[in-house]
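A.B. asks: The lines below spell out each chain.
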Amino acid sequence: MNTSLSWLKAYVPELSCTPQEFTDAMTLTGTKVEGYACMDADLDRIVVGKILQIAPHPDADKLIVCQVQVAKDGAPVQIVTGAKNVSEGDLVPVVLDGGRVAGGHDGKKTPGGIKIKKGKLRGVESCGMMCSIEELGSSKEMYPEAPEDGIYLFQKELYPNVQIGDDAVEVLGLRDVNFEFEITSNRVDCFSVLGIAREAAATFRKPFCPPKGRKTGKLGNASDEISVEILAPELCSRYVARVVKNIRLAPSPLWMQRRLASCGIRPINNIVDITNYVMEEYGQPMHAYDLDTIAGHKIVVRRAQDGEKFETLDGQVREVDSTMLMIADGEKAVGIAGIMGGENSKITDNVQTLLFEAACFDGTNIRLSGKKLGMRTEAQAKFEKGLDPNTTMEAINRACELIEELDAGDVVCGCVDVYPAKKEAWRVPFSYERTNQVLGTSIDKETMLSYFEMVDLAYDAATDEVIVPTWRGDVLSQADLDEEVARFYGYDKIPVTLPSGEAMTGKENMAHRVEDLGREVAEHYGFSEAMTYSFESPKVFDRLCLAPDDKLRQTVTISNPLGEDFSIMRTLPVNGILTSLSLNASRRNKNVRLYEMATIYLPKQLPLRELPDERRQFVLGFYGDGDFFEMKGVLEDFLRKAGLKAQITYDPAGGKTFLHPGRQAKVLYKGKEMGYLGELHPEVADNYDISERVYLAVLDLPEILPLATFDIQYEGIAKFPVVTRDLSILMKKEVLAGQVEEVIRKNAGALLEGCELFDVYEGAQIRPGYKSMAYSVRLQAKDHTLTEEEITDVMNRILKGLGKLGVELRS
Amino acid sequence: MKERLKAIQEACLAKIEQAGTLDALNEIRVEFLGKKGRLTEVLKSMKDVSPEERPKVGQMVNETRSKLEGRLEEVRAAFAKKIREEKMKAETIDVTLPAKRRESGHRHPNNVALREVERIFIGMGYEVVGGPEVEYDYYNFEALNIPANHPAKDEQDTFYITGDILLRTQTSSAQVHEMEKGRLPIRMISPGRVYRADEVDATHSPCFHQIEGLVIDKNITFSDLKGTLAEFAKELFGENTKVKFRPHHFPFTEPSAEMDVTCFKCGGKGCRFCKGSGWIEILGCGMVHPRVLEMSGIDPKAYTGFAFGVGLERIALLKYEIDDLRLLYENDVRFLKQF
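Heads up: the sequence lines are chains A and B, in that order. If you read the first sequence in our numbering, its first letter stands for residue 2, the second for the next number, and so on. If you read the second sequence in our numbering, its first letter stands for residue 83, the second for the next number, and so on.
Here chain B is said to cover these stretches of chain A; the calculated rule only asks that three of the stretch's residues, wherever they fall, bring their Cβ under 8 Å from a Cβ of chain B:
| # | stretch |
| --- | --- |
| 1 | 27-36 |
| 2 | 184-191 |
| 3 | 434-445 |
| 4 | 503-515 |
| 5 | 523-537 |
| 6 | 560-574 |
| 7 | 587-593 |
A few chain A residues that face chain B, going by a derived Cβ cut-off under 7 Å, partial list only:
| # | residue |
| --- | --- |
| 8 | D483 |
| 9 | E484 |
| 10 | A487 |
| 11 | P496 |
| 12 | P500 |
| 13 | V557 |
| 14 | Y602 |
| 15 | L609 |
| 16 | L612 |
Please keep in mind that the hints were generated in silico from the structure rather than gathered at the bench. Glycine included, each C-beta is placed from N, C-alpha and C at the ideal position.
Based on the provided sequences and hints, a complete structural model is requested.
C.D. replies: In structure tokens:
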């Protein structure tokens with residue numbers, strides 16, 4: 002919402018403040034000023050001058066030398082110009098030597114303006130410049146009387162009182178400030194100049210003087226000219242029609258043009274300008290129909306028929322449906338209600354009689370219709386917010402008043418008003434004690450009531466109720482009154498305290514702590530934290546080589562996605578990390594390690610009837626230095642630190658299509674799957690354009706969480722010596738280290754202090770299909786020094802156990 | 083005998099002074115003090131000395147021995163010191179050669195900021211709780227006083243899964259879950275991912291993060307809201323940070339406000355960063371709307387509360403002067419490395 006200061010002052014005449022003061026004060030009472038522009042910011046020393054004489058330039062065909070009178074008395078100044086549209090006797094804006102203009106002739110503004118200095122043009126002295134409207138920082142759009150190309154001329158008809166030497170900026174209405182407001186959706190009334198003016202008056206404690214309104218109409222009676230019928234009262238709560246005859250189209254007066262321009266609306270003619278003016282002033286959109294095109298002089302407000310085609314006044318044919326509201330006459334549709342009128346009934350230059358419409362349509366319906374039609378008009382934007390039906394009458398009467406004031410036609414007396422259910426003011430019980438209690442203030446009741454009065458909220462002392470005018474749809478309860486008090490008292494004056502009451506201890510839940518541990522461990526190993534989208538394309542599953550019937554293809558699917566790439570909620574956490582690794586690889590970043598605490602979304606059934614299972618997964622990925630076992634080390638370190646102290650085992654039958662079939666494993670803890678890790682399948686690596694080997698690991702945190710603990714119990718450092726026995730063994734290649742270790746662990750039992758694989762060999766010294774491994778087994782008892790017999794016994798048991806796997810001692 | 087000892091002593095001392103190496107010193111030790119050394123020879127020849135002279139001679143031999151040993155040790159120590167010094171000199175390294183580091187990983191800026199915010203509120207006695215991202219319409223809208231067809235519902239451009247299941251547009255939904263638990267008083271923050279149908283650009287992302295805060299207790303006032311958030315701003319942006327509360331509108335709070343903080347680049351004087359205003363908008367807040375309390379089963383006559391919502395990306399972008407939101411989702415390590 003944009004408005005000029007001068008327009009606001011029309012209703013708050015005593016308003017007197019700098020633009021910055023206005024901005025700050027309005028923002029603090031809730032009408033946020035987003036910014037302002039002083040239209041004269043870069044205009045300096047610009048006066049009305051009269052061209053006395055024009056002579057050719059001695060050395061340039063395209064230039065002329067003008068003698069311009071720029072003050073009542075004194076000698077004229079000499080100005081050289083290239084403009085072709087000036088003649089002797091013309092009144093023009095002249096920037097004097099040392100003055101400034103806002104921009105160039107091309108309409109491009111220069112920050113800070115352009116300084117104009119005395120100088121010579123092709124050898125002839127020029128003491129200033131005659132200005133075009135663009136150089137003054139505006140445009141022909143806003144000043145339609147300005148010439149297409151050339152110097153702005155003050156026309157006698159438009160400026161009957163202008164004098165040589167007058168401040169040209171003032172004369173042009175440029176000594177003004179344009180404010181841009183951010184209006185919150187609850188304050189529908191403030192999407193109008195009057196609404197903002199009311200707030201400004203209250204903010205600055207100045208009287209608010211809205212247009213008084215007077216009786217209009219000279220001839221006949223509207224009800225003889227037109228009839229109105231509402232067939233869809235659920236979508237149209239009120240429809241007011243008035244008629245104006247003998248239309249006299251002409252440009253609207255400058256003051257109206259200037260005010261419209263300040264709202265960014267281009268002046269067109271008196272009729273169009275009046276409807277726009279009233280729309281801005283009251284926030285009530287209006288429409289004008291050529292009454293002679295309205296069949297049967299009858300307006301019917303009805304729903305459209307499905308498949309109905311309608312040509313709007315912008316010449317486009319649109320298909321409407323029965324959810325949309327149409328304005329029709331006795332035979333045909335003449336407008337899409339609240340959005341745009343029809344080509345068939347629009348005002349043309351030949352209009353004789355017009356029908357003014359001011360109606361109140363259902364905001365939601367207008368919004369949805371506009372969305373469906375892909376249209377967004379000014380009127381629609383206003384209606385969408387849900388207007389007050391009581392404003393329609395004021396607005397239409399104001400329009401007729403302006404018709405008479407501008408002599409744009411002859412207003413017909415009376416109106417046709419169809420208003421089935423009148424909206425009345427309502428009452429809100431008020432307790433000033435409660436307000437103080439909620440705000441933490443001690444404001445007296447009188448002060449609060451004075452705030453209410455400023456914004457036309459009446460108070461009924463007998464019932465302790467506030468009577469709310471119908472335009473304040475946002476005031477429905479005590480809490481809303483609390484806010485009214487707070488904003489006029491000043492949010493800044495409300496005390497600053499901390500909550501009293503019982504002290505509470507801050508908490509972090511276990512899931513949070515485990516995730517944080519994961520972050521620390523990952524970062525320790527050089528992984529940086531990534532953040533990726535939760536939604537992705539279903540094509541990801543193909544990229545990851547998932548089987549067509551894989552359960553993970555069952556997704557939570559967005560019904561209105563931004564596009565296919567953002568259409569499904571991920572069921573696997575790896576695509577984000579792979580995409581990010583791929584991006585890094587394409588930018589030639591070396592040795593990239595990333596991790597993410599990623600949520601996946603697993604539907605419990607499809608179509609979704611209840612919320613999906615949201616699982617946090619700890620996903621790690623890297624390329625560059627490192628291998629499978631390094632990734633394994635990271636996982637183990639994390640699990641250990643999370644308190645999973647028992648043996649972690651690995652099942653090579655990982656079953657992940659996107660991992661290398663010979664280089665992947667499920668991570669098992671006490672037989673339960675905690676996650677998986679592996680090298681990326683080369684085909685998948687190709688799909689992601691990564692030429693290096695990629696290693697991935699995924700841990701399912703909801704599985705880990707119940708096992709995690711940060712409780713630590715100290716165990717005494719063993720006092721008795723550790724005995725080391727090396728075990729050099731030979732076995733078929735298929736036997737896994739994990740199986741060997743399992744046997745060692747089982748048989749050594751509590752005496753096992755640790756065991757380490759220190760050599761694996763396959764090759765010439767070994768028979769084909771076999772490999773040799775060497776373990777260092779460390780034994781220790783907590784309560785005594787192990788005897789030779791005990792040690793031999795354990796080692797024999799281990800060997801026996803290994804024998805069952807077909808493992809033999811290497812001789 | 084005395085002369086003999088003196089001669090040995092002098093000969094030995096002379097040799098010691100000439101010895102150039104530790105080995106030479108060792109040889110001298112063997113030659114004079116060793117088992118077959120010259121001084122030991124003297125002791126061996128004690129049998130030729132008269133018994134009454136023996137103690138005296140013995141003493142003389144011992145004195146000579148200790149003198150020679152003393153001198154030998156002195157010279158040896160000096161040699162050893164010299165050798166160590168020479169060795170160390172030879173071992174001098176160029177300390178300006180590059181460090182050997184195993185580069186540790188980096189936290190995502192969003193989470194650096196989040197951690198900071200969590201730390202502040204945990205310190206003030208808040209509990210950190212989570213909430214579902216795929217949510218029922220009821221929790222995201224209706225229970226927050228945004229009924230069907232409310233313009234605010236449209237403004238937020240919601241992603242829908244089904245008619246009444248959606249991707250939450252605000253972490254405020256977590257408020258409702260927390261209130262429904264029926265445990266009062268409440269002091270919680272709930273950080274998490276939210277979704278709105280905004281096309282990706284430098285300042286928009288269809289998914290981003292918010293931190294919701296909720297306090298409900300007896301006698302909670304707007305002044306408590308001001309105090310709490312002013313404290314938060316000081317902790318997050320520095321002791322000299324000032325705050326400004328402006329009236330605003332949210333359907334689930336009344337009165338509602340937006341909070342600005344003094345620009346942390348210029349300290350409030352006005353700069354390019356704060357577009358000359360000296361202030362930066364940081365969060366939305368307000369007193370929990372009585373309707374919202376009521377809907378979640380809390381008696382608004384007995385309890386009041388305040389709520390606030392902070393955009394995490396906004397904080398991260400502001401705090402670290404990141405100029406493009408897209409960088410947060412690219413995960414280029416050259417970007418992540420800086421946090």
